[in-house]
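Q: Go ahead and model the full structure; you've got the sequences and the hints to work with.
All residue numbers for the first sequence refer to the UniProt record's numbering, where the first residue is 1 and numbers rise by one.
I should point out that these hints are in silico values taken from the structure, not numbers from a laboratory. Please read these numbers as outputs of a predicted model, since none were measured by experiment. Using N, Cα and C, we set each Cβ at its ideal position, and we do this for glycine too. Be aware that a few hints might be false.
To be verified - Now the in silico label distances, taken between C-beta atoms and shown as ranges: (1) Pro111 to Ala269: 43 to 49 Å; (2) Gly132 to Gly152: 38 to 44 Å; (3) Val337 to Pro166: 25 to 31 Å.
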Amino acid sequence: MTVRSPTDLPATGVPPTDLPATGVPATGVPAIDVPAADAGTGAGTAGGPTADTADPLHEPVLGWYLAHARDLPWRRQDASPWAVLVSEFMLQQTPVTRVLPVYAEWLARWPVPAALAAEPPGEAVRAWGRLGYPRRALRLHAAATAVVERHGGDVPSDHAELLALPGVGEYTAAAVASFAFRQRHAVLDTNVRRVLARAVSGVQYPPNATTAAERRLAQRLLPGDEATAARWAVAVMELGALVCTARAPRCDRCPIARRCAWRLAGSPAHDGPPRRGQTYAGTDRQVRGRLLAVLREATGPVAQSALDAVWDDPVQRARALDGLVADGLVEPLAAGVYRLPQGPPG
DNA sequence: TACCCGTGGAT
DNA sequence: TATCCAAGGGT
Numbered sequence: 001m002t003v004r005s006p007t008d009l010p011a012t013g014v015p016p017t018d019l020p021a022t023g024v025p026a027t028g029v030p031a032i033d034v035p036a037a038d039a040g041t042g043a044g045t046a047g048g049p050t051a052d053t054a055d056p057l058h059e060p061v062l063g064w065y066l067a068h069a070r071d072l073p074w075r076r077q078d079a080s081p082w083a084v085l086v087s088e089f090m091l092q093q094t095p096v097t098r099v100l101p102v103y104a105e106w107l108a109r110w111p112v113p114a115a116l117a118a119e120p121p122g123e124a125v126r127a128w129g130r131l132g133y134p135r136r137a138l139r140l141h142a143a144a145t146a147v148v149e150r151h152g153g154d155v156p157s158d159h160a161e162l163l164a165l166p167g168v169g170e171y172t173a174a175a176v177a178s179f180a181f182r183q184r185h186a187v188l189d190t191n192v193r194r195v196l197a198r199a200v201s202g203v204q205y206p207p208n209a210t211t212a213a214e215r216r217l218a219q220r221l222l223p224g225d226e227a228t229a230a231r232w233a234v235a236v237m238e239l240g241a242l243v244c245t246a247r248a249p250r251c252d253r254c255p256i257a258r259r260c261a262w263r264l265a266g267s268p269a270h271d272g273p274p275r276r277g278q279t280y281a282g283t284d285r286q287v288r289g290r291l292l293a294v295l296r297e298a299t300g301p302v303a304q305s306a307l308d309a310v311w312d313d314p315v316q317r318a319r320a321l322d323g324l325v326a327d328g329l330v331e332p333l334a335a336g337v338y339r340l341p342q343g344p345p346g
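A: Here it is in structure tokens:
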């Protein structure tokens with residue numbers, strides 16, 4: 001898998017799979033399904049996509065995706081729902097290029113949920129490497145355990161059952177149901193929110209927190225047909241990731257630039273409350289990161305002295321370590337000795 | 001709701 | 001160099 005930077009738009013664009021990873025095979029039609037937009041003149045065909053869900057944005061976005069989508073491993077036809085779930089955990093707040101190698105290692109080592117569930121949670125934390133937010137590793141291990149216990153080892157297709165898994169929120173539940181099972185869900189991540197904010201709402205950036213209005217908008221724009229809705233979801237996200245980017249959108253390559261409300265308004269600058277900066281240096285998060293890195297890279301238990309060496313302030317150091325223990329990321333083994341969690345998921 | 005939770009590349 | 005930003009979730 002070649003790692004591409006966002007600025008390196010693929011010209012080859014291996015067409016994204018139209019097939020669900022499991023379930024009913026698609027009919028083998030390689031072209032874009034005719035979006036509901038073109039069904040508008042039809043006389044209310046029973047059972048078909050309804051005209052009232054059509055939108056002028058559908059056809060250009062779906063067409064753009066067919067030509068420009070990245071060939072990512074979790075989008076391939078042979079990617080299982082488990083593979084999609086793993087990718088979604090890793091992609092939370094983490095760039096694609098950093099996920100790719102770790103994703104490959106995980107799927108090779110733990111090809112099914114039961115394989116991961118059979119290992120101590122500390123192994124998941126160690127294999128997480130430097131992806132960041134290591135609690136995700138713990139939750140993914142817990143999710144794998146829940147999949148084994150509640151669903152016989154198969155990642156569920158039901159949105160509510162997905163949502164009930166540890167570490168799975170509204171976005172991830174919708175994403176897995178849509179990407180892995182080709183269901184019709186509004187998949188509202190930071191990319192989609194930005195595209196809709198610009199193209200439809202006419203503002204540069206979406207609100208800091210997801211609003212009910214955004215959810216209604218995403219739902220309204222969803223094509224009526226399941227397969228088309230699933231393709232739309234991934235297409236809008238990809239458009240946000242590659243073209244309608246946060247800092248410097250590539251409007252000259254955008255398939256809906258002519259319809260974009262933000263552009264039509266003259267691309268006004270954001271005027272809402274400033275987005276909170278993420279200071280990092282000197283925070284507990286940095287200390288936690290350093291402490292856990294020591295544990296991750298060690299092959300066995302670690303002495304207190306090795307942890308003490310990574311941060312000068314003893315008060316902050318102790319607070320960070322306590323936090324890691326409270327989160328289940330670190331396990332006190334004996335007096336002054338620590339290790340990654342070996343017990344059952346806590 | 002607002003805040004906490006890692007890491008590192010791009011600008 | 002400093003800031004921004006990345007397929008969020010939990011509390």
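Q: Take the hints in turn and mark each one as holding or not.
A: Now for the hints, and whether the structure bears them out:
Evaluation of the 43 to 49 Å hint for Pro111 and Ala269 yields a pass: the beta carbon distance comes to about 48 Å. In this structure, Gly132 and Gly152 break the distance hint of 38 to 44 Å, their C-beta atoms being roughly 32 Å apart. Between Val337 and Pro166 the beta carbon distance is about 28 Å. The supplied range of 25 to 31 Å therefore holds.
Violation of the numbered hints given earlier is confined to hint 2; every other hint is satisfied by the structure.
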